[in-house]
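In case you want the letters, here they are:
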Amino acid sequence: MLFNSLKFLFLFLPVTYFVFWRLRSKNQRYMWLTIASYVFYGAWNYKFCALMAFSTVVSFLSGLAMAEYDGRRRKLYLILPITVDLLLLGYFKYVNFGLHSIAAAAHWFHRPVQFDFVDVVLPVGISFYTFHTITYIVDCYRGVVQPTRNFFEFACYVSLFPQLVAGPIVRFRQIEADLEHIDCNRRSLHRGWSFFVIGMIKKVLIADTIAAVIDPALARYDLLSTAGAWLCIVGYTYQLYFDFSGYCDMAVGLGHMFGLRLPQNFNSPYQATDIADFWRRWHISLSTCLRDYLYIPMGGSREGAWKTARNLLITMLLGGLWHGANWTFVLWGGYHGILLVLNRSFVETWARAPSAVRRAATFLAVTLGWVFFRSANFRMVGSLFTRMFQYHGGGLMPGWIGLATVLVVAAALAHFAPNTFEIRHEWHPAWSTAFAAAYVLCLIVIAGAKASPFLYFQF
Amino acid sequence: MAAAAALNFALSFKSLDWLAFRTWEAAVSVECPSGIGPFEPDQVYRKDRAYGDLANIGNMADMRQYRREEFTVDRFGFRNDRPLKDVHPVGFVIGDSFTAGAGISDDDTLPEQLTRDAGGFFYNAGAVTGDLAKAEVVSSTLHLSKGTVVYELLERTARNGPSSLEARKPDCAEQFWASAKVARAATLFASDHSPGVLLSRKFVKAVENDYWQPNPYRLEVARRKLQNGQEVLFYRYDMRPLRDEQKLTTEWRSYFEDLRQRMARRNLQLVVLVVPDKYTVYGPLLEERPGDFGGERLLAAIEQELRKTDIPVVNLTQKFRAAAAEVLSRNQYIYWRDDTHWNPLGIKLAAASLWSELQQARPVTSANSD
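Protein chains in written order, with my numbering: chain A, 136 to 594; chain B, 47 to 416.
Chain A extracted, bound-state conformation:
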């Protein structure tokens, strides 16, 4: 079930909302949200629910155990659930990738091997909810949060449907206070609905419109002209941003509807002035997780330039791998790792350049990085870069006029407009009418077209 589906909008959300606000006690509301979230998740595949439930139980019990023990046993209850979660993630997401890679490497060394690849379906959102449980366990170990003794509260946190399948990655400490007071939180329906509608507009009217044009063109990437290749990659740059940030806005809006404040995940990343600034604005929940649970524990920037560079590269390579079981994602992560290292080395020189130049150059660097991210394999990476930087004649793809129109709007919003967290979500007749009209247009497009999934939910 997707947020931009009629079943979610007209059935799931109204029922979940109305029942929630008629329940009075904390536990009732935890249980109801948990049940609703499992129904939401089960709509993808009911078998996935067992996996999430298992991860939830293991992490909850480990948290309790950590509260009871010290020393080595406490460390055991840190390692155990993290290992379970990483094994689950590794198996479902990376096992065939690993086998393919070994087979390719063996072939490269003229020692071919044959594997029986595992018939496994990647559970939707597994990367997100395993991060939720891992961050909870680590924070409990570090004493940043007190392990909760209320299983329903914890189950509600892990399975919370607004952020379950595609983020933002919400740490327990970020939502603990709201969960604790779930029985007396004020609903923020207006603010919630405002976020939700804006997110829907970004996703349906901008991101999906771009996707409809560039996806068929990129499916035949070896036939693209130079102009077509650039149009596709620039289009993808905006598609990815509006798709993901739109989804996150919808998630935040849904949270508000239930009295829960989810964190901001995008802070106008295409207005960044350097690559470090970009990573402070893009997928903030992931980048801060990588920083707090990987980069800093490895030493961060405390141990000299070389080790800092090493730590940055490892963090970004793993961050890339997190996005998908493909070497192109790793390459993308490595590319950003190199950019971050270079940024650290030339930060003062860079700062002297005019702001407009820095913003444009950062945007260009990020756009080129999306070539790796979007490509299914190295061949596609090579072909796209070749077409972008070596002249290839030919026309543009069908629908390019509509694409160009939407890209102008997307660029204006991404580079110059305030983001959803910066605007005031207040009632204003003209704006409210405009948003309502845009929302109706979204409903028409949703009903009339095939559903397109959020780009990030297969992570």
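Do not take every clue at face value.
Covered stretches of chain B, as calculated for chain A (at least 3 residues, CB under 8 Å) [unchecked claim]:
id, region
1, 47-61
2, 135-142
3, 261-270
Simulated crosslink set (DMTMM-like; lysine to aspartate or glutamate; CA at most 25 Å straight-line) [stated by the list, open to error]:
id, chain 1, residue 1, chain 2, residue 2
4, B, Lys354, B, Glu266
5, B, Lys251, A, Asp350
6, B, Lys271, B, Asp284
7, B, Lys180, B, Asp304
8, B, Lys248, A, Asp350
9, B, Lys248, B, Glu116
Source of the hints: derived by calculation from the structure; they are not laboratory data. Glycine residues also receive a C-beta, built at the ideal position from the N, C-alpha and C atoms.
Dock chain B against the given chain A, drawing on the hints supplied.
Showing chain B alone in chain A's frame:
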């Protein structure tokens, strides 16, 4: 959202012909109709400016051939505009949309043309797909103690084999919730055929014109030029090479032998009408003539097998090719240029050929129905 749901609810009680590009689409919009036929009983659909399925799929407004259509459904759920108490059928025709009459008005359907030629009423039992079980149900419903059953076999169906007929039947086990009428009236999302969803599809389709948005169905429709300089549309699926010719021929022989036995138990004679796809008929008349017509071989093989088993059969392929070539110079056609289906001229020719075979096989008069 409440307003959208209320509007959808209000529109659900109106027939969908105003939303459809052709009366056929309105008629088949009820997924599990309440009668024995494929359509919701006691409905009339009208469209003053209907056009073809290929022009619609391909979003090719310049290729549309507008025509007026009226589509009447009787109390059983079949397409029939005569009260049955006033007529006594001498037989019925089963088949797919070619029999039921997609893209044409009530008066022009194959059973209607056959009725005029034969002087006896042939009931239109055409459905979305042919169905063995339906033939028996129809004969019981019509209280037909003797007569003729014409089975229209389209080349596309022949290529897919008899098993495809079973696969395409809708699952209407849970009648209440599966009834599109209830779903349409209930909420916006519950049915793919709710007015809100259909309206939205029209809007999206208008935008998917390769200008504002790419047309994702463009590749399903082939646009070709005929020898008279005019363009015609084909369904690309019909242009694929033929496979498993021998296997299909054997399967269809078994299928029709079984059907003949079932009909014979009811004192009904089976006649098979083999209808070529538009591409098989018009392929030889294209400016760039394609090489292979596997469908033609398959239909000839099926005809041969049926003749061996003494099942009367009419294969329209060669007659249609000759007729299409003859009228082409006058810019006339026996299939709609913008549709996969035949037009009234083609149907008239088919009915005449069929009647000729029926007369040879077993003369049909109103006295036979006694």
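Verification of the supplied hints:
1. 47-61: holds (count 3)
2. 135-142: violated (count 0)
3. 261-270: This one holds; 3 residues, not fewer than the three required, reach chain A with a Cβ under 8 Å.
4. B:Lys354 to B:Glu266: 37 Å, violated
5. B:Lys251 to A:Asp350: Holds, at roughly 18 Å.
6. B:Lys271 to B:Asp284: 17 Å, holds
7. B:Lys180 to B:Asp304: 14 Å, holds
8. B:Lys248 to A:Asp350: 22 Å, holds
9. B:Lys248 to B:Glu116: Answer holds: Lys248 (chain B) to Glu116 (chain B) is near 21 Å, not above 25 Å.
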